[in-house]
Amino acid sequence: MSATAAGDPPASKAETRFAEATQLQLTWWRFRRHRLALASLVIVVLFYAVAAFADFLATNDPHATDARRSFIPPQGIHLFDENGFNPHVYGLRGVRDMRTFKLAYAPDESRKLPVRLFVRGYDYDLLGLFPTNLHLFGVQGAKPGEGIFLFGTDQLGRDLYSRMMVATRVSLSIGLAGVLLSLFLGVLLGGISGLYGGWVDTLIQRLIELLRSVPTIPLWMGLAAALPNTWSVTQVYFAITLIISLIGWTDLARVVRGRFLALREEDFVVAAELAGASQGRIIFRHMLPSFASHVIAATTLALPAMIISETSLSFLGLGLRPPAVSWGILLQDAQNIQVLSGAPWLLLAAVPVTVVILAFNFLGDGLRDAADPYG
Amino acid sequence: MLIYVLRRLGFALVTCLFISVLTFVIIRLPPGDFVDAYIANLAASGSSISVDQAAAMRHEYGLDRSVVVQYWNWMSRVLRGDFGVSMMWRRPVTEVIGDRLWLTMVVSVAALFLTWVIALPIGIYSAVRQYSFGDYVFTMLGFIGLALPNFLLALILMYFGFRYLGLNVGGLFSAEYVQAPWSLARVWDLMKHLPLPAAVLALAGTAQLIRIMRANLLDELRKPYVVTARAKGLTEQRAILKYPVRAALNPFASSIAYLFPYLVSGSIIVSLVLGLPTVGPLLLQALVAQDMFLAGAIVMLLGVMTVVGTLISDMLLMWIDPRIRLEGR
Numbered sequence: 001m002s003a004t005a006a007g008d009p010p011a012s013k014a015e016t017r018f019a020e021a022t023q024l025q026l027t028w029w030r031f032r033r034h035r036l037a038l039a040s041l042v043i044v045v046l047f048y049a050v051a052a053f054a055d056f057l058a059t060n061d062p063h064a065t066d067a068r069r070s071f072i073p074p075q076g077i078h079l080f081d082e083n084g085f086n087p088h089v090y091g092l093r094g095v096r097d098m099r100t101f102k103l104a105y106a107p108d109e110s111r112k113l114p115v116r117l118f119v120r121g122y123d124y125d126l127l128g129l130f131p132t133n134l135h136l137f138g139v140q141g142a143k144p145g146e147g148i149f150l151f152g153t154d155q156l157g158r159d160l161y162s163r164m165m166v167a168t169r170v171s172l173s174i175g176l177a178g179v180l181l182s183l184f185l186g187v188l189l190g191g192i193s194g195l196y197g198g199w200v201d202t203l204i205q206r207l208i209e210l211l212r213s214v215p216t217i218p219l220w221m222g223l224a225a226a227l228p229n230t231w232s233v234t235q236v237y238f239a240i241t242l243i244i245s246l247i248g249w250t251d252l253a254r255v256v257r258g259r260f261l262a263l264r265e266e267d268f269v270v271a272a273e274l275a276g277a278s279q280g281r282i283i284f285r286h287m288l289p290s291f292a293s294h295v296i297a298a299t300t301l302a303l304p305a306m307i308i309s310e311t312s313l314s315f316l317g318l319g320l321r322p323p324a325v326s327w328g329i330l331l332q333d334a335q336n337i338q339v340l341s342g343a344p345w346l347l348l349a350a351v352p353v354t355v356v357i358l359a360f361n362f363l364g365d366g367l368r369d370a371a372d373p374y375g
Numbered sequence: 001m002l003i004y005v006l007r008r009l010g011f012a013l014v015t016c017l018f019i020s021v022l023t024f025v026i027i028r029l030p031p032g033d034f035v036d037a038y039i040a041n042l043a044a045s046g047s048s049i050s051v052d053q054a055a056a057m058r059h060e061y062g063l064d065r066s067v068v069v070q071y072w073n074w075m076s077r078v079l080r081g082d083f084g085v086s087m088m089w090r091r092p093v094t095e096v097i098g099d100r101l102w103l104t105m106v107v108s109v110a111a112l113f114l115t116w117v118i119a120l121p122i123g124i125y126s127a128v129r130q131y132s133f134g135d136y137v138f139t140m141l142g143f144i145g146l147a148l149p150n151f152l153l154a155l156i157l158m159y160f161g162f163r164y165l166g167l168n169v170g171g172l173f174s175a176e177y178v179q180a181p182w183s184l185a186r187v188w189d190l191m192k193h194l195p196l197p198a199a200v201l202a203l204a205g206t207a208q209l210i211r212i213m214r215a216n217l218l219d220e221l222r223k224p225y226v227v228t229a230r231a232k233g234l235t236e237q238r239a240i241l242k243y244p245v246r247a248a249l250n251p252f253a254s255s256i257a258y259l260f261p262y263l264v265s266g267s268i269i270v271s272l273v274l275g276l277p278t279v280g281p282l283l284l285q286a287l288v289a290q291d292m293f294l295a296g297a298i299v300m301l302l303g304v305m306t307v308v309g310t311l312i313s314d315m316l317l318m319w320i321d322p323r324i325r326l327e328g329r
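Note that the protein sequences, when read in sequence, are chains Y and Z. Here the first sequence stands for residues 1 to 375, numbered as in the numbering used here. Here the second sequence stands for residues 1 to 329, numbered as in the numbering used here.
By construction, these hints were calculated from the structure, which means they are not laboratory data. A few of these clues could be false.
Derived coverage of chain Y by chain Z (criterion: at least 3 residues anywhere in the stretch with Cβ under 8 Å from a Cβ of chain Z; other residues may be distant) [what the hints assert, rightly or not]:
#	stretch
1	204–217
2	223–229
3	315–323
4	334–340
5	344–353
6	356–367
Over 10 Å on every C-beta distance to chain Z, these chain Y residues come out as not near it, computed from the model [stated by the list, open to error]:
#	residue
7	Ala-52
8	Pro-73
9	Leu-188
10	Val-200
11	Leu-263
12	Ser-290
Note that beta-carbon positions come from the ideal geometry of N, C-alpha and C, so glycine has one too.
Construct the complete structure from the given sequences, taking the supplied hints into account.
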């Protein structure tokens, strides 16, 4: 083991620093060297920040419909006008297409709507606690039907940008809740499996193998379709979380079991046993700290699968139900090629899905490498 | 070896049983039973039946018995190939499913082969030329494949195909062959339509497999016997392909077992986007209409299909890897 493996401390002091470092420090030094994982960590934190302050970042009420502004293309913000710096978007003017007689909105370059920071908009509860109507940015002096539509609007005239902000909250939290539930199941069953061995281990291992050999999407679809129509949005939300995690726990259980089996033979565990430590103390005081990092890494790697599952189910119309907004529900609007060819911006909801899944993958990889600081 | 085969076979049977129980649970999950749904159906078309008639029907279908007896009855009919009647189509379930099951199979297997064909050479290349430009490009592509859910990829491809090439990329058959009976021309038409859905399905699995292949081969390449082979003057090609690649192939073959359920699963949702005539769209319709016998039959058949696929991959693994073949002795 060389001192350089510890990161960037100078060579002379490196030896002592490395030897005195706690496990957490070692893990952090090692993780820091993985630039991509570090960048991914920042991205993930940003995404969760968006989730926490979704309504503050939104510009329009994500649920407000307006038939007149259906399918407005994304509007660019113009930073300058003849008077210098004056960010603005153009107002909208109804134009009737004389061939199809369809009323479409076109930018009205004679009307400028100034874009300002910290404007008042629709009412919401900041962090679910403080009622306010302050938004990060927005337009001033808009007539009804007008506004700022950064990513365009959907068929019902709802602002896609604002909906994506709010969807982030639902999609990320359902992933997190699902992963926590599978973590609980995985640690419990994997721990029992690895700790007791014998027929209990065989039974649980066979169960895992069974669950893994069944195609998941048809199963999820069947379970999700059975949720009663009368259930509220919250009930459906928790039911979907449960359904997704019922199958997702198997990977985590395998990791936990593997670590248990490996650690059981380690000298320090045997020593603790001989010293007369109770089983609970051995598990929580001696074994848990040395495999916690592995479990965290496996959890991070399990999150993208959860997010994809929710997105897929909602995309099929079997997951969350409107008025809930998630990335899957946004993409549901983009299912149809006729709609898509007229309003390709609806596909923008695919971008956060891809970015966050990629970020979680890199982050998980980095964590997995860092989990073994002596490796 | 025989013991190994028997053990895998036994496990496959248990899995099938497990799937059948799950399927039965799914069939029974929605509130109300078959007769309730039937009455609702009749009411929608204006007619009705009396309470006595409903009770008689329940008795005839065994719905007044215990759950275990019902499961047993359902299971014994399924084993005889009778999946019940689809309420939505008013035809036997087997008839409604028809060709769709085989087409699902064809798409999934095609995706599996494509995964191998792409992942094997790229995996070898990435390991042999580790940290080269090509390695980075493929790693990057692999990550994108991992991060982009396949139905999104299908949507994006469909949009670009429509927008810039002016073609409708969906479907498995050209218009003139959709209803046509099976013929060589129809099979050829299917072959021509297969690559796109297969590629869409294969992408994520390929990314995974490349990473596994690369890691395995890197481990093998560092072993002393490779150095010996080179020292003895074997050509580079021979020194790599003859032994390390073969040794690295084992986990590659075992990955089929988990890749296949994943592909079947993915084909359901990709079929919906691309409008493929597989069981996917049918399953969604059946679930939305609560046509539970049809939905249950599809879930069950898909499950059994995956089990058969896994079994085949196990046998294949045994054929490739002597360590497994000799284990039972």
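Unmet hints by their number, sorted upward, for this structure:
none
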